[in-house]
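Heads up: the sequence lines are chains H and R, in that order.
This note's numbering numbers the first residue of the first sequence as 1 and each following residue consecutively.
This note's numbering numbers the first residue of the second sequence as 1 and each following residue consecutively.
In short, the hints are calculated from the structure, not lab data.
Every value quoted in this text rests on a predicted model; they were computed, and no experiment measured them.
Glycine residues also receive a C-beta, built at the ideal position from the N, C-alpha and C atoms.
Some clues are possibly wrong.
[What the hints assert, rightly or not] Chain R residues, not near chain H, derived (Cβ > 12 Å throughout):
hint, residue
1, D28
2, G59
3, R79
4, S107
5, P210
6, D244
7, Q246
8, C268
9, I362
10, Q378
11, F379
12, F381
[Said to hold, decoys possible] Just so you have them, the derived chain H footprint on chain R, three or more residues with Cβ under 8 Å:
hint, region
13, 71 to 78
14, 124 to 131
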Amino acid sequence: MAKHKTPLLDQLESGPWPSFVSDIKQECDSRAKNEKGIEFQIPADCPDDLLGVLELSYKDGETHWKHGGIVGVFGYGGGVIGRYCDQPEMFPGVAHFHTVRVNQPSGKFYTTEFLRQLCDLWEFRGSGLTNMHGATGDIVFIGTTTPQLEEIFFELTHNLNTDLGGSGSNLRTPATCMGMSRCEFACYDTQALCYDMTNEYQDELHRPAFPYKFKFKFDGCPNGCVASIARSDFSVIGTWRDAIRIDQKAVAGYVGGEIAPNAGAHAGRDWGKFDIQKEVIDLCPSECMSYEGGKLAINDKECVRCMHCINTMPQALRIGNDRGASIFVGAKAPILDGAQMGSLLVPFVKVDADNEYREIKDVVEGIWDLWMEEGKNRERLGETMKRMGFNKIIEAAGVPFDSRQVQEPRTNPYIFWKAEDVEGGWDRDISDYRKRHKL
Amino acid sequence: MAFISSGYNPAKPMENRITDIGPRHFTDFLPPVIKKNFGKWLYHEILEPGVLMHKAESGDEVYTVRCGGARLMTVTHIREICDVADKFADGHLRFTTRNNIEFMLESKDKALELKKYLNAQKFEGGSYKFPVGGTGAGVTNIVHTQGWVHCHTPATDASGTVKATMDVVFEEFQNMRLPAPVRISMACCLNMCGAVHCSDIAILGIHRKPPMIDNKILDNLCEVPLAVAACPTGAIRPTKIEIDGQKYNTVAVKEERCMFCGNCYTMCPAMPLADKEGDGIALMVGGKISNRITKPAFSKVVVPFIPNEPPRWPTMTAVIKKILDAYSADARKYERLGDWATRIGWERFFEKCDLEFSEHLIDDFRDPAYYTWRQTTQFKF
Ligand code: SF4
Ligand code: SF4
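Isolated chain H, as found in the complex (with noise of 0.2 Å):
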């Protein structure tokens, strides 16, 4: 018997799309039943009355959350959020349910058995709801009270060798996309690198000493599968500077019909035959292609490399070998001043486990030194670079200034020209001026 009457949400029980109130509703039961002999840590319905606050917020068209409150681990600032309900007294389960932040493992593979794990961490000692997964990437784990925190993370870290991630103003959980692991886009190793970043800045993860959030991400190819040149401060993707590799006899594959184009991304409906010179030649974006007498030429020095060709003929055309990564700085979405695409910082770097990726985390450090001293409280990078100029970051980050680093050259002349730029200096003398210059 459920415990409230939730008419609204039964309505989104139907339907195909997997529904969650469904699922939370098995949940109720299983706890209910708790066939297992669970002794449950936190009160066993709390699904229930999560449900029930809900049902109400459907009702009222607000949420009836509140703020957070400092809640947390021993000696970390982040990877918990505390969260309390504004109606204990009606829904007394969820009245106490705070968010903790597990790191997620670099793209998002998992065994059953660890799997198995955290659920059965999270039904002993939480509500048994998660997000698989949230959003900058962690496990999510739904819903538990303050004294349940410590054990859970005895557990995370002596039981199942893993952490917690970031929340606050600190660095948080950085992300990857699959990369090598089972795409042949992956320029270079993005879990590797994600797994020592991560490792590298616990201190920072976990520890807030920022002016706001701060977020790594990693793409592994200009196909930007996690998002990261719109959602991270810090943005790897992978690229090339050789030549794209052509199969010459692949391409006829392609044009004769045999393999379907776009690895058949678009067999769900019928667009006719293939035609190279429409679908490539045409819509390559620095128009470098050419398809003459069966033969596929590339001018690459003129490549820009936006993938477009290699998706849609993966088995003609794979990426260059001298692969490395470009870094994008100051992505953030609009609050406070606007939404933000990350700018590039530097064209190319060879990403390179054999010095622990010093040159990326070289950049990373001078960026974070001047970002530490001079952004205001909650101001992100890509704000603090509007305010400061993005020459004052390619400075800190002690790369070279490179045409690449623009859409274009400035428009206006105002440049802030400094005393060093200037034969003599700013030093000069008025009573001097005035010997040639009379009033």
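With chain H held as given, fit chain R with the ligands onto it using these hints.
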């Protein structure tokens, strides 16, 4: 409900403490065929909606079956997913960036058998548990935030709007018949934990009423300077107020300057702004993050406000369907939604999608606004 300790001793918090170990190493979790061919993949094919084949240099093939899921999931459900993985995929699986679930197998027959099996699993309420799809030129799973389920600043629900939308566009999840992939994203307030600002179609919860001020408690609940500094438009100033002969330190809000971002509420709980009539949804379109053909682009607001209509938000889903249908009918192969709109012109976009243009769609927020006004005689009647 007796308290059971795992071993943590509050009297000696540092005893046996393990910290800063980071996540598990990803190689602990890779299926053997993935581990073996790591970094040595040749190409991939989408065999049918939801089924991928990746070919390695070694000649190995791995077949991936992808299914959608509500990202809010219970441990009971995760265990069901584990059962599937144990039965078909040697106990391995992964989640995609967009909250799909992927099972990796070594034979095509087994993959197709798994697809059939997954499509046969239903919740008691009637919906699919693991609908297979989400590949290629179609709509894949919606990334979203918490909404009324667990967040303190939302202007709408997330799981509900997403469920309602995915039900309406479900055929596009299981088909690959659109001109290009369409990425739908959902964020329940302007904070955009979900970063919907670069999606083909973005569902965004917005407020429309300035914050109320709980004068009597404000000074106890928050730091006045922080509340003042939180406002990006400078609409908040400190003030003193007298209520029943009692003096209170508080803030005042210049209401016409408020852009309803909710940032003040995040910094100061004594300034709530959520409201049944005031809150609702803005729809944005035309964003993308890939560099394919065209540059990454921001989403643009094309519908400034749709009221919250729980549980199924019918007006909102009807508009989304309308946009999707117009795009599907008119765009060229490989053309993303925003590129289509740019090509035909936004004036034509509003016409083809049968959307109304209003003053609220002209940007008036700081510098970026200027770059969105038209400075040419090249436009369409
Ligand atoms: S971003 Fe590129 S390398 Fe990474 S998974 Fe996507 S297509 Fe592959
Ligand atoms: S986008 Fe806003 S309302 Fe939504 S989860 Fe994030 S903070 Fe909460």
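Against the structure, the hints come out as follows:
1. Residue placement check: D28/R does not keep its beta carbon more than 12 Å from all beta carbons of chain H (closest about 7 Å).
2. At the 12 Å boundary, the C-beta of G59/R stays outside the reach of chain H, the nearest C-beta of that chain being 14 Å off.
3. At roughly 6 Å from the closest C-beta of chain H, the C-beta of R79/R falls inside 12 Å, breaking its exclusion from the interface.
4. Every CB of chain H lies more than 12 Å from the CB of S107/R, the least distance being 16 Å, so the non-interface label holds.
5. No Cβ of chain H approaches the Cβ of P210/R within 12 Å, the least distance being about 16 Å, so the stated non-interface status holds.
6. Against chain H, the non-interface label of D244/R holds: every CB pair exceeds 12 Å, the least being about 25 Å.
7. Against the 12 Å criterion, Q246/R stays outside the reach of chain H, whose nearest CB is about 25 Å from its own CB.
8. Non-interface status of C268/R relative to chain H is broken: a Cβ of that chain comes within 12 Å, the nearest being about 9 Å off.
9. For I362/R, the shortest C-beta to C-beta distance to chain H comes to about 15 Å, beyond the 12 Å cut-off, and the non-interface label holds.
10. Distance to chain H confirms Q378/R as a non-interface residue, since its nearest Cβ pair spans about 20 Å, more than 12 Å.
11. Separation of F379/R from chain H is adequate, the least Cβ-Cβ distance of about 23 Å exceeding the 12 Å criterion.
12. Distance check on F381/R: its Cβ is at least 28 Å (rounded) from any Cβ of chain H, clearing the 12 Å threshold; non-interface status holds.
13. With 8 residues carrying a beta carbon less than 8 Å from a beta carbon of chain H, the region 71 to 78 of chain R meets the three-residue requirement, and the given coverage holds.
14. Beta-carbon proximity to chain H at under 8 Å applies to 8 residues in the region 124 to 131 of chain R; the threshold of 3 is reached and the given coverage holds.
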